[in-house]
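> Listed below are the residues making up each chain.
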Amino acid sequence: MESLICNGVTWINIEPPTEKETEYLAQKFPFHPLDLDDTLSRIQRPKIDEYKDYLFLVFNFPWYRKDDRVLASSQLSVFIGRDYIVTLHKGDLKPLVKLFRECQIDKESLKEYLGQGSSFLLYRILDRLVDYCLPILNKVGGNIEDVEDNIFSDRQQGAIREISRLRRDIIVFRRIIWPMRAVIGSLEPRVRRFTGKDLEVYFGDTVDHVDKIWDGLDEYKEIIEGLSDTYNSLVSNRTNEVVRTLTIIATILLPVTVIASIYGMNIPLPFQDSDHSLLFVFLIMLAVIGGILFFLRRLRVI
Amino acid sequence: MESLICNGVTWINIEPPTEKETEYLAQKFPFHPLDLDDTLSRIQRPKIDEYKDYLFLVFNFPWYRKDDRVLASSQLSVFIGRDYIVTLHKGDLKPLVKLFRECQIDKESLKEYLGQGSSFLLYRILDRLVDYCLPILNKVGGNIEDVEDNIFSDRQQGAIREISRLRRDIIVFRRIIWPMRAVIGSLEPRVRRFTGKDLEVYFGDTVDHVDKIWDGLDEYKEIIEGLSDTYNSLVSNRTNEVVRTLTIIATILLPVTVIASIYGMNIPLPFQDSDHSLLFVFLIMLAVIGGILFFLRRLRVI
Amino acid sequence: MESLICNGVTWINIEPPTEKETEYLAQKFPFHPLDLDDTLSRIQRPKIDEYKDYLFLVFNFPWYRKDDRVLASSQLSVFIGRDYIVTLHKGDLKPLVKLFRECQIDKESLKEYLGQGSSFLLYRILDRLVDYCLPILNKVGGNIEDVEDNIFSDRQQGAIREISRLRRDIIVFRRIIWPMRAVIGSLEPRVRRFTGKDLEVYFGDTVDHVDKIWDGLDEYKEIIEGLSDTYNSLVSNRTNEVVRTLTIIATILLPVTVIASIYGMNIPLPFQDSDHSLLFVFLIMLAVIGGILFFLRRLRVI
Amino acid sequence: MESLICNGVTWINIEPPTEKETEYLAQKFPFHPLDLDDTLSRIQRPKIDEYKDYLFLVFNFPWYRKDDRVLASSQLSVFIGRDYIVTLHKGDLKPLVKLFRECQIDKESLKEYLGQGSSFLLYRILDRLVDYCLPILNKVGGNIEDVEDNIFSDRQQGAIREISRLRRDIIVFRRIIWPMRAVIGSLEPRVRRFTGKDLEVYFGDTVDHVDKIWDGLDEYKEIIEGLSDTYNSLVSNRTNEVVRTLTIIATILLPVTVIASIYGMNIPLPFQDSDHSLLFVFLIMLAVIGGILFFLRRLRVI
Amino acid sequence: MESLICNGVTWINIEPPTEKETEYLAQKFPFHPLDLDDTLSRIQRPKIDEYKDYLFLVFNFPWYRKDDRVLASSQLSVFIGRDYIVTLHKGDLKPLVKLFRECQIDKESLKEYLGQGSSFLLYRILDRLVDYCLPILNKVGGNIEDVEDNIFSDRQQGAIREISRLRRDIIVFRRIIWPMRAVIGSLEPRVRRFTGKDLEVYFGDTVDHVDKIWDGLDEYKEIIEGLSDTYNSLVSNRTNEVVRTLTIIATILLPVTVIASIYGMNIPLPFQDSDHSLLFVFLIMLAVIGGILFFLRRLRVI
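Protein chains in written order, with the numbering used here: chain W, 7 to 308; chain S, 7 to 308; chain H, 7 to 308; chain U, 7 to 308; chain E, 7 to 308.
These are computed hints drawn from the structure, not numbers from a lab. Check before you lean on any hint, since a few could be wrong.
As the list claims (entries may be wrong) - Calculated lysine-lysine pairs in the DSS-like style (CA-CA distance at most 27 Å, straight line): (1) LYS218/S / LYS227/H; (2) LYS53/H / LYS203/U; (3) LYS218/E / LYS227/U; (4) LYS227/S / LYS72/W; (5) LYS227/H / LYS145/S; (6) LYS96/W / LYS145/S; (7) LYS218/W / LYS100/E; (8) LYS145/S / LYS72/W; (9) LYS218/S / LYS53/W; (10) LYS96/H / LYS113/H; (11) LYS104/H / LYS26/H; (12) LYS203/H / LYS117/H; (13) LYS227/E / LYS227/U; (14) LYS227/U / LYS72/H; (15) LYS227/S / LYS58/W; (16) LYS227/W / LYS218/S; (17) LYS227/E / LYS145/U.
In this text the structure is predicted, and so the values were computed from the model without any measurement.
So that you can see chain W by itself, here it is in the shape it has in the complex (with noise of 0.2 Å):
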């Protein structure tokens, strides 16, 4: 638990929020236990509790985990009152992380983010936290490219791997960003209060971002899906070209074997002791074969 003060704001950042930090918090603020709980438990949806005296929030916000390659959510609870601010989270939110160490380091950045109330700084945080959705989600779009190029051009099932973690990746950034409108779009008249100031433009803006995000996740599952298909229409027509080719070599090749196992037979064969045996062989077996083709391209077949 760390704390910054400045012009009469706190901001306590918690991180990770474990049972010793909620129960000093229970004494020092007036928080309701069923929030103190939800900072502690799984994964919770993001929603606003509004109390007389401060709000309590909880938002998701996405983060590539290292170890598995895989997007994953990551809770941020904050408590926002008049005169502090509250955020608890897991460490997982680099930009978070990053914001707070700046402010600890540098006074002007302290002043610039603390000193205008805590409904900016709030405003601060949410901003930095959905503009860092925008890289995780222009490197989904860049593994849609890369995939889109590899389908037309290679044949291993490492684009059906990648398809199917892309998509699932896509799924849960829906996932995490979709309650997320909700929240964001009604948080602005509810923080005035704590400072007066009309922030609805700084407020809009994040609103804006949300929705581009989501505008792009929801334009990302539908090429995904797409691309799917794709694959598959590939891989059903190289099946077919290769069965095709199986069939034209198997018509070609199996006459010939035919002919010559009849002329293989220890029975007396026609033509067997002329001089020109061989070639009467050939000639059967060139005519087997181009009736044979000649069947097949009637039939539309070849």
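Chains S, H, U and E: place on chain W using the hints.
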């Protein structure tokens, strides 16, 4: 039929309800005959029927049927008045059974649960039952991850069956949770009159939990559909690989057979009596194989 | 055309309606010509047409057409006024036919159904017809379970046909129920004026049943779509298994044929005259088979 | 351009509209230039533009283009004022052409259609055109049933092409009907001022018909999608059957060839000179075939 | 940065905007810094930001990127006040570039476009840009028809790639148009204050055009998805045909090889020395082929 009394609040628990019990209730309480019928009939939809003196509530909760490993729905009917609560169910809902036993044995619990009025007892019952959905949801999530790992490593029919079962469980689970959201969401203002106390925070917390379960189910539904697609892509791809391998093997071995058959014919053949006849035959074979492989590569089949 | 009278309420049942009957109704009642046309025309949409003296109602109910085992829709037109109810249908709706017979034969039933006014009679008719949908729904559910068991045990074309038929039945059933929900849901306040009594509990109960049927159909729709996917996955998987088996058999038998063909050539061959020539040939065969199997396993094809 | 007058109501029919006609209208009527442009341009969206003295209406109706058997959309533009109606279209809409001819020839019809004011004439025109959609819808339905019968009996490419065409027709049909529902539904209160009479029953009837067509299209859309899935399942299943058959044939015939090839080698072989050598060879063949079949059955491939 | 003045209305066109230009605007106009940032940043969502003295508008319009034949989105930012309009874009939107050139060169056009106030100029700019979407839409439609013709006549991979590209273009196009509908639809009442004139008919016309484009995209989306399905069905069907042909060929040729191999064995065989041995062998071959074909037909495989 068993009952508990504490601070003037009576909790009657009927497990399972039969006509005998409903007749008893009809005599003692002013319940509408249609409602008493509903407690006996096959699974009803969740609903709130409001009367002057009491509320009739129907809920459905999920449980895992052990014998066929299938997620099923179990009905809980509740009559709630100012000073009583009547719960009717088939005994499948373990958390409710356990809660009632707890209150029977332990005076402390009895006081804690019944002592704050019938509405609060209703909240405690619902909270327990909704929380019980979470481990079921997590089990579904765990099974999905197992399937995800399996389909990339292994090719047995087991994966299809498992995907099909998970899909069905998720469909059934969603059908149970969906109508319950509306019912639990609109419950608080209607039960307030029995207690007078503001229970909004508590019921709001339960609604949050139901919403979270719904979100999780939505996510799982999309993931399992994606996995089903991925599995199909993998199978298509494997079939493609196998057919291509078969084609390559056939392409290499068939020409050898063909040339060997030709040299097995009982007719005079060129080079037959040469000292290097075998070498000569092998060269022809290599030439034919090479020609076909070159041709296939140009067609981009292999 | 038959009619029943009791307590001043007349029930006219027309089965099936023809122009003769509609002309008779036009003379006796103040019905709008467009409505009388609707009773004769092909299946209409469910609707309520409100007039000063009467309501004109159209409903569609499902029934199983025996001859082609297909779920079809049958129209019921109802004119309801203060002291009369006119039902027009083709006689496909058994519960309605039975109800009318019951009232003809049994004085008790007649009094019970007609004695409480035309609105209550309407409720009883609708309740019977809606309840009749439940066994149809259960039959669909049972058929789905049969298909589910079949596709994992057996591979005949029957399953496809059965899935296709169930899908169609569910589509038709949903189209019948969907518009009826709105009509039945808005019926109670409009018929109240003919009776004066509050029938909200009764019509509410019917709406609950319709909603339950709708929920069930929704669930079945998702399940049958899932089963269709599962079936396709199973077929793909089986094809994959078969092709792999074919490849393995070809891989083992073709090299044997190839070596044997080579030793069948009419040219001098190495070891041909050795005492252990056969053993030697078998060793070559085993070496070639082993090499190809090793190669396939490395490619992860088998 | 032709016109009819009766009871002070003028009906001007322009078929097809060109710039000459729109200039004439611009002189005679107070029509907005944008509206006159719309009557000439390519297919517009259905809409109602309300002005002080007149309404400008655009409708689209479906028709079967004979030359390529495709469902297309044809535009009808209508200007309606107190004492006139101007219809502009390309002459593709047969019921409208026929209605105008009828009024030209037959005094009775003229009086019936124009005698009750411009709003009633509009209703008659729309009613005719909407009713004309029903045979088109029924034709689509009939084609779907044909396809359904075909795919279970036969395997030609024709079925795919037919499913694809029906799907496209249904998509186009839906796009025509969808925006028209809103337009026709909101028409009645706006045209009432030209007549004074209450035409709600009449326009309501037309809305019912449009809704019914929409319901039918929705149902057909789901059915054709189901049929497309069913067709794909059938093809997959047939491929599976064929491949299995090929495997079984190969399994029986290949071992025979192998053993025969071995006994065709030009090296000393066991039992070669026995009296029962042929019987002995056949026994080996049967043993090998039996072994492979036993093996396949255990793997559940056949 | 170029500007035009006429009747007191200034049109400043910045193409492309850089920090230098936004600094200049910041000095001359009362624009909010967040808005000026938005004009420079990567693609924004369409939106209307309303201020006391001006509106800030963002639009996205589609254009075909020549180098990779992909539909892309290009941003247009507009500041509009009582007597000025500032347009900022990257120069990709040809109709806007052309409109500005036209006004620079031609006094008539200048007066026509700028002379009626800033709101009317905005309408003219939007109208041009929206109309420019129509040829793009028609090109997509034309490409769809080409693909539709191709897939029934030809089987190259090109069709998959083309379907995939069209799908992506339609997804991107829809994402561009969708948020623009709301923005353009709500524009008229907000710009009216700058002109005082009622421009509802004009902006309403533009909204109609946007809606029409949306309808077209919706239709194309459904059609291309249908075509993708159709293509897959065709490929499956062709694979089925090819495999069946291969099976039939194998069925006819394999038995011949088998019998010939048997008669090639170096052991005594029946009829070997008969005069009609060849005829006898051929009869056996025909009998075996006939038997297998009969068997396959009974299984309905061929």
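> Could you tell me which of the hints above the structure violates, numbers in ascending order?
15
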